[in-house]
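Chemist: Which chain is which? The protein sequence lines are V, D, U, B, S and G, in order. Sequential numbering from 1 applies to the first sequence in full-length UniProt numbering. Sequential numbering from 1 applies to the second sequence in full-length UniProt numbering. Sequential numbering from 1 applies to the third sequence in full-length UniProt numbering. Sequential numbering from 1 applies to the fourth sequence in full-length UniProt numbering. Sequential numbering from 1 applies to the fifth sequence in full-length UniProt numbering. Sequential numbering from 1 applies to the sixth sequence in full-length UniProt numbering.
It should be emphasised that the hints constitute simulated quantities derived from the structure, not laboratory data. Be a bit skeptical, because a hint or two may be false.
Any copy, or any two copies together, can satisfy a pair, since identical chains are not distinguished.
Taking lysine to aspartate or glutamate pairs in the EDC-like style, the calculated list, with each CA pair at most 16 Å apart, reads [stated by the list, open to error]:
(1) Lys-174 with Asp-242
(2) Lys-174 with Glu-212
(3) Lys-174 with Glu-216
(4) Lys-220 with Glu-248
Here's the letter readout for the chains.
6 protein chains.
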Amino acid sequence: MFVHTQDLQFEAKPEAPDAEYANRLQEVLGGKWGEMTVAMQYLYQGWNCRLPGKYKDLLLSTGTEELAHVEMLCTMIARLLESAPLSAQEAAQQDNPMLAAVFGGSNPQHSIVNGGGGYPYDSNGVPWSAAFITSSGNLLADFHLNATAEMQGRLQVARLYNMTDDRGVKDLLKFLLARDHLHQMQWLAAVEELESDGLGGIPVPEAFPVEEQHQEYANKVIKFSDGNAIGEGRWASGQAADGRTRFELADRPEAHGERPVLPPGDPRLYGTPPQTATTGAHSTV
Amino acid sequence: MFVHTQDLQFEAKPEAPDAEYANRLQEVLGGKWGEMTVAMQYLYQGWNCRLPGKYKDLLLSTGTEELAHVEMLCTMIARLLESAPLSAQEAAQQDNPMLAAVFGGSNPQHSIVNGGGGYPYDSNGVPWSAAFITSSGNLLADFHLNATAEMQGRLQVARLYNMTDDRGVKDLLKFLLARDHLHQMQWLAAVEELESDGLGGIPVPEAFPVEEQHQEYANKVIKFSDGNAIGEGRWASGQAADGRTRFELADRPEAHGERPVLPPGDPRLYGTPPQTATTGAHSTV
Amino acid sequence: MFVHTQDLQFEAKPEAPDAEYANRLQEVLGGKWGEMTVAMQYLYQGWNCRLPGKYKDLLLSTGTEELAHVEMLCTMIARLLESAPLSAQEAAQQDNPMLAAVFGGSNPQHSIVNGGGGYPYDSNGVPWSAAFITSSGNLLADFHLNATAEMQGRLQVARLYNMTDDRGVKDLLKFLLARDHLHQMQWLAAVEELESDGLGGIPVPEAFPVEEQHQEYANKVIKFSDGNAIGEGRWASGQAADGRTRFELADRPEAHGERPVLPPGDPRLYGTPPQTATTGAHSTV
Amino acid sequence: MFVHTQDLQFEAKPEAPDAEYANRLQEVLGGKWGEMTVAMQYLYQGWNCRLPGKYKDLLLSTGTEELAHVEMLCTMIARLLESAPLSAQEAAQQDNPMLAAVFGGSNPQHSIVNGGGGYPYDSNGVPWSAAFITSSGNLLADFHLNATAEMQGRLQVARLYNMTDDRGVKDLLKFLLARDHLHQMQWLAAVEELESDGLGGIPVPEAFPVEEQHQEYANKVIKFSDGNAIGEGRWASGQAADGRTRFELADRPEAHGERPVLPPGDPRLYGTPPQTATTGAHSTV
Amino acid sequence: MFVHTQDLQFEAKPEAPDAEYANRLQEVLGGKWGEMTVAMQYLYQGWNCRLPGKYKDLLLSTGTEELAHVEMLCTMIARLLESAPLSAQEAAQQDNPMLAAVFGGSNPQHSIVNGGGGYPYDSNGVPWSAAFITSSGNLLADFHLNATAEMQGRLQVARLYNMTDDRGVKDLLKFLLARDHLHQMQWLAAVEELESDGLGGIPVPEAFPVEEQHQEYANKVIKFSDGNAIGEGRWASGQAADGRTRFELADRPEAHGERPVLPPGDPRLYGTPPQTATTGAHSTV
Amino acid sequence: MFVHTQDLQFEAKPEAPDAEYANRLQEVLGGKWGEMTVAMQYLYQGWNCRLPGKYKDLLLSTGTEELAHVEMLCTMIARLLESAPLSAQEAAQQDNPMLAAVFGGSNPQHSIVNGGGGYPYDSNGVPWSAAFITSSGNLLADFHLNATAEMQGRLQVARLYNMTDDRGVKDLLKFLLARDHLHQMQWLAAVEELESDGLGGIPVPEAFPVEEQHQEYANKVIKFSDGNAIGEGRWASGQAADGRTRFELADRPEAHGERPVLPPGDPRLYGTPPQTATTGAHSTV
């Protein structure tokens, strides 16, 4: 259950409107690696977590914080959309040479559909999809994914930081950069904690008995492309992170299976080759 | 440029058809974390990689291998779809009590649309989407993501392994489990290599000057949910992975921004409150 | 069954081409609340309507009219796309300062994919989805939705009216504004008619016996956010539209359920915490 | 900014697991009219609301409550997924004749992807999309939509109530039915309040001057389908809800526009008819 | 502009309800190659057609007919959904052994969302998308596509014919098979007519001057896969359909381009390799 | 199984960067008819092909070639994205008047998400979907579709050729135009070969016994729209391509089915008309 306070976690006021940048900000609100994704991903992982205690608490706490980030970005976007020109004619009338670029790069739905507000869509106007989140039930896999999500997210915020000079916008981004930094640290710490608690290790899922897999295929990096430098990395020899695998490099792929020949299909499905039609071919039973 | 050989990388023959399991296998072929995703993700990362050498070679090599996994899964699915009953009537006629369950859980498009073949869709019949892949240009972020993708993928294969007794299917899964194990190791090794080459570190992007971000918000895990165990983990105190952050726990969220009041919008967009209609309100200029 | 006449329901000729505005018009053709949505929504509601007579007739009649609106918008868009510059170079060559804005805001698929024609996509180039329509089988719910669809649709047309000076375009929009006005009235009248015919009332579905629901939770608006003005509206006290509920305001949320603790999952799914692996853990039976 | 408490708003414990029903419940969690939709719709409307005070407070408060409903449904689904058979073989082994039906109707991603947890997807496994929400900036249009959303949502909950005998599930549904009942009342009251505050009326948007639209087309319901009963409803004559329109019925559609003839397109787009190729046809400038 | 008559083009009454088959029929209503696709594809091609006369008339006429097919399928589905069991319990209670299979394979949205009606979704419950239609402006390309659409569509109807014994259903399918047969003929005839009218030929677009393309690459089928039988077909030698190309077989792929080395990207995007941070790296200008 | 060589099939170097054109090129990389589609469509058709030999070999060979086209386009896009302005301010600073148009038309995800790389999305930033490919199991239907795909694809490339003056870009397009020309020829030749091998003919599926369909409806093109020129084409009289059908033109549509009246639905689904609530109406059994 949630309670909401209307005060923002951090200030979200631009110096001036900028409809084009408002659209760019949509990426970190409603894009694949935006705040909607981390908010929903952490909350669903928390709700589904079958292990009560610190991990569940961390997930629910961080997911709840991310909702506040969603709120700040939506607020910032609504403010950046003030006074946007409604047409190319209007954009061309004003004296600022930049306005044509801004108009061309703005999002028509911001005015036609939303009347000047933000929404959970990416910077190309594609709606956020729940397919962006994962809650696998395996915390080690999910904490790695969460760290990854913070990396991709912070990377995008850092890029957006270089795309504006507005000090108000930059101020909010500085806050988000700091929180994403912390969250990267936090999920990596959670990975360590899980491993030291004996609740999962590399490879994921550790609980699957490795002797069941075909171990003879579990240590060779195979050269499927003709770039020779592949042999120069840590993955080509030496010890792997699971503490048992010793990397090798295989110079060429080998086929361990034969050329498949599929049996003819059911003639009632009319695949090629067609079977000679039988009287039964067009009735079910 | 690619060259194809029709021999399979590993054998893909089930002992017997099973249309329901054929549908389950779609998840690791065309689902979010399936083989289509890793194949395309690694190839696009490789093609876009602006740093020639070992990393680019590893990406293109592994992406090419994953295409062979796509091929094996599609072949396996086509074989599992042999002799599938075409209707509930047909399923009910036969003597096997399991057939109703199999029929109910099978994918109608497998017969109506594909005529008995696999396709890049997930186990609920939702098409694979390119939104599943990421190629950010930042290799550290992407290698972490690649390791994550192998974790989620191997987890799903391990679960599927427990959902069948067919030795032919299990044989292929044992191969995939081994390769996914190796690929987890490989991407983690690539992360280490990047860091030791000085090409990127934690946080991502390391090149962004941390003194630009609001550092005062970069070390406190904040308790937004009322689970007290959040204070028991490594993320609540001590040193973080970036070697500079010392974790703290903040017991309650604080609002650093004020309650937002948005300015009235453009009256020509007819938001509420409506402005008193002016004669100009319904023409552009 | 339908019959088509090529004459348009209303004229659809712009004064001049405008590729950027052509893209904006896509919103009311193929966007969530565009003409495709209302056409298909009313027709499917009509075809599925299990009550013969005036309601079914109204649905099928209005749905058929909306197809004519789809046709007019597609025609208008095709005309607005005449003479569009094919490249930034071409746009920059001409003497009109507005052309850069127009070019930047135009839809590349209009020329690359459609060769200068309209299509059922929104103003960001996202395809129309059948998920936009609802046909629930409950006419009261659906007539309310239909009225809503006309409100959102007319709102967008009114905004688009303020984004152009082209008299031909405005002429078509004036027609659509009038029809959307009428259709708002019509669906609200149909709501009244249903209620006076005793075929459904508030709440929807009225046929569900309210004594079955937990009545003690059916009258309190609860303050989950800290905005105090919530107590000033009609929803905070007095009589509700169902004629039986008396509104109350609850000052704070209460938890009526306990903190959930989920049981450990099936170890064969490798959730955390992992169970100690048993020999049976990796085979189905 | 939000704060979370782990206690649930209402109890969410089934008497027994039921993987098939777990999938059905997904509809009201992640389907078009499920709790994700109303939570996000109300919050975005609240954040974008440019009118401070009671309406904004109501939106943010109700949106926050709906997050608690999302949480309860996810918890209920996770519990219903306990002990689900992992394969048709397993389902067939047990003694309960219903298990084949349950297995056939269960969602394979619940086990393969989520490891026994809920997610924001509908009952066919299609991910929730942000296209399901609307925040138009016009409160009258949006409050009507919100009332509609509660109607469609409560209708689905009422149907689901008739699809199970589990008293724990029914108990949660009784709570949701009551809250959806209240929320229908609440949004209808908000519509009234807006109108009595003079902030918007019928038609939406009222601020658009009706004399600008083609008034001669604003009162005739036109018979486009051959069902004669269309003339029997309130929409065929008498006064409409806007207090100024008097309905009429037009017996047959009339074309007010001519048969469109589109000009030939740009030959460089290779539409039919092709122009005779000129030397300039294949270069831009 | 359209006019609707409620009589159906052909009868659509099943002998008995069958909720599972109702779901299968969705494929040819709302699937990629279903009636929604051909209806919308032909209508949009007709509306966008810049060549008045017989081709435009054929498109608009056939598109209008397909709307009648949409209507019949929706009606048939609504009838097949009568008396469907609402739960596994209910399905198990009855005496018919087939009911578990039917229940498992039925579509939960048919009852929860639609209340027993059809909708434009495929047989896995994925909504119809406007991305399924193409209107390119080049009639030759589009008529080939239309013939193709009828082939895929008729193939699916023929398969569905073999999945039921219901004489009422089969009767409707026999009608659709006949119309799809005719429509295949019709579009192939339209291809011929276009060519004999000199309005387009092979290759598409014929108007593009072939001497502009790299002709030396326009006749060799290249062996990229190791199946030797590729040399046995008509494509390996002899004359092609354009009357000028003579096929050859190239035994192995050749690279005509070099190994790409991409320049380092903009350091402000934080790709790898990171540039040494300059003071300017984090501001726009 | 595939092997990759890093040399490109053809050169992919532009003369100069052009971020707007980079976005346009996305259409033929990741759009519906782009290289991703043909690559995946041919490979899946090849893997699912149940007829070993020349057809399967051709499919796998051509699909493998198309992967090389994907690679070249991605490389070209990455190069066109060099030096793109990161903001409207930056675009406006420079001296080139075209830059505003280029900036407005560029894809924000190219920099924010990809850091200057290509991805399998269309020119409006919508992700490639596996729904774009079809592998029906019927080779005649699929070869017609493949020919169609090459037509639509080549048409788009030809249009793009007219949208740039960059000789490097044009050089790559000339290569693609030539290959698409060849592939059109090749699939048409494969159609002929199939027919001459007796493996399938018109109509598709030929194996369905035409006497089963309602033959009386298989030869009349029906005039559903009022364009009289429909009677002037080859489809209105004479012999059809199947060698047995003689076309006729029917001047007006006829209804062969009656006006449908659907039975009342299950009262537990709360459709309109509501049934009088019975005590059993709200429990399953």
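Chemist: Indicate, hint by hint, whether the structure satisfies it.
Modeler: Status of the hints after comparison with the structure:
1. Lys-174 with Asp-242: neither (37 Å within a copy, 18 Å between copies)
2. Lys-174 with Glu-212: Intra 49 Å, inter 7 Å, cutoff 16 Å: inter-copy only.
3. Lys-174 with Glu-216: Between copies only: 10 Å across, 49 Å inside.
4. Lys-220 with Glu-248: Answer is within: at 5 Å inside a copy they meet the 16 Å cutoff, but 40 Å across does not.
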